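Chains as they are written, first to last, in the numbering used here: chain A, 18 to 207; chain B, 18 to 207.
Rather than coming from a laboratory, the hints here were simulated on the basis of the structure.
Values in this document were obtained by computation on a predicted structure and should not be read as measured data.
Glycine included, each C-beta is placed from N, C-alpha and C at the ideal position.
Careful, some of the hints might be misleading.
Claimed, not checked - Examples of chain B residues toward chain A, derived with CB under 8 Å:
1. Met-43
2. Leu-48
3. Glu-53
4. Ser-54
5. Ile-128
6. Gly-177
What follows is the residue order along each chain.
Protein chains: 2
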Amino acid sequence: MKEKKFIETKLKSKKVFSGKLLHVFMDDVKLPSGGESTREYIKHQGAAVVIPIMDNKILLVKQYRYPTQQVMIELPAGKIDPGEDELTTVQRELGEETGYTSDKIFRLQPIHPCIGYSNEIIHLFFATDLYESNHEPDPDEEIENVLLKLEDAIEMIYSGKITDSKTIIGLFWAERLMKDKKLRDRFLTE
Amino acid sequence: MKEKKFIETKLKSKKVFSGKLLHVFMDDVKLPSGGESTREYIKHQGAAVVIPIMDNKILLVKQYRYPTQQVMIELPAGKIDPGEDELTTVQRELGEETGYTSDKIFRLQPIHPCIGYSNEIIHLFFATDLYESNHEPDPDEEIENVLLKLEDAIEMIYSGKITDSKTIIGLFWAERLMKDKKLRDRFLTE
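My request is simple: use the sequences and hints to build the entire structure.
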């Protein structure tokens, strides 16, 4: 694809906020039209999310999300620690958040949650054969397991009770994988 | 649901960056465990995204996204202007981005793209009966229409060519709506 005509070129980059979590940048860019503009965005270290299957159900978690001021039902997920392999992130976060982990983990396709103002990428995985983990829970996280039949979880998307985008994508992927042998052969083989 | 045990209470809120697009806050919070922590997040005005059906295909757009440094294929979407009704946002953004708009627009369920660090909500709509719009394109946006068969768009999710989360969710919804009359009766009635 000839994409040159779309591309914005960096002229100058400035870090405008650096917190414990968020690193915010404001760049001057040259537009393909020749004009100039500014772009504000977050640099993020990336994250991983997993669809864990337990007893033919989906293992989700419930936790409070301060930015949305809501208790939300989500797939287990977390940020990639510096230098950490994404598969390790998944095993660790699954263990810390649910008390279970897995060695049967399959990679699906990554997603960009927030392309308007963040470079975050979330790597998506599918896990079976869960077993009790010896990962310690994060003492700062109040979190609870929610084991749902897939059809009940999907209904919670339709009724607006599950609104987290990575979770919606994971649940839709899960259903497709369950129904479609070709897709399983494509993604769930070692 | 008794959710009290999860909830984090605001102690102090501080605006740490205010740009043209991003408004970043850092709050001190009291954790349900009794401890204290800080939460960094973005306040966002909300957005709307639409699944536009044209000639039995899906009308997407291609544009450069500076934060991810990629040309991305997406459903038409945009931020809600202050005081604007979400349906008006959809009609306007669809017109500005694709040159087509619609008066047959149906509301699905909203999504939270980025619950870890943003309060953004994206309202999701489904549009049929497109017609040429008189909305002027945004001169700062280099954007191009991409009309795809639904199955080809879904294959682009599987092959990692479509990674934008709101777009993946919209395409999965679209397929479900096409296949499931009950779901159409639930969401696509006036």
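Consistency of the hints with the structure:
Checking B:Met-43 against chain A: minimum C-beta separation of about 6 Å stays under 8 Å; hint holds. The interface hint given for B:Leu-48 holds, since its Cβ lies 7 Å from the closest Cβ of chain A, which is under the 8 Å cut-off. Taking 8 Å as the C-beta contact cut-off toward chain A, the hint placing B:Glu-53 at the interface is violated, the least distance being around 10 Å. Annotation: interface hint on B:Ser-54 holds; nearest CB of chain A at approximately 6 Å, less than 8 Å.
A cut of 8 Å between beta carbons decides the hint on B:Ile-128: the least distance to chain A is about 5 Å, and the hint holds. Proximity of B:Gly-177 to chain A holds as hinted, the smallest CB-CB distance being about 5 Å (cut-off 8 Å).
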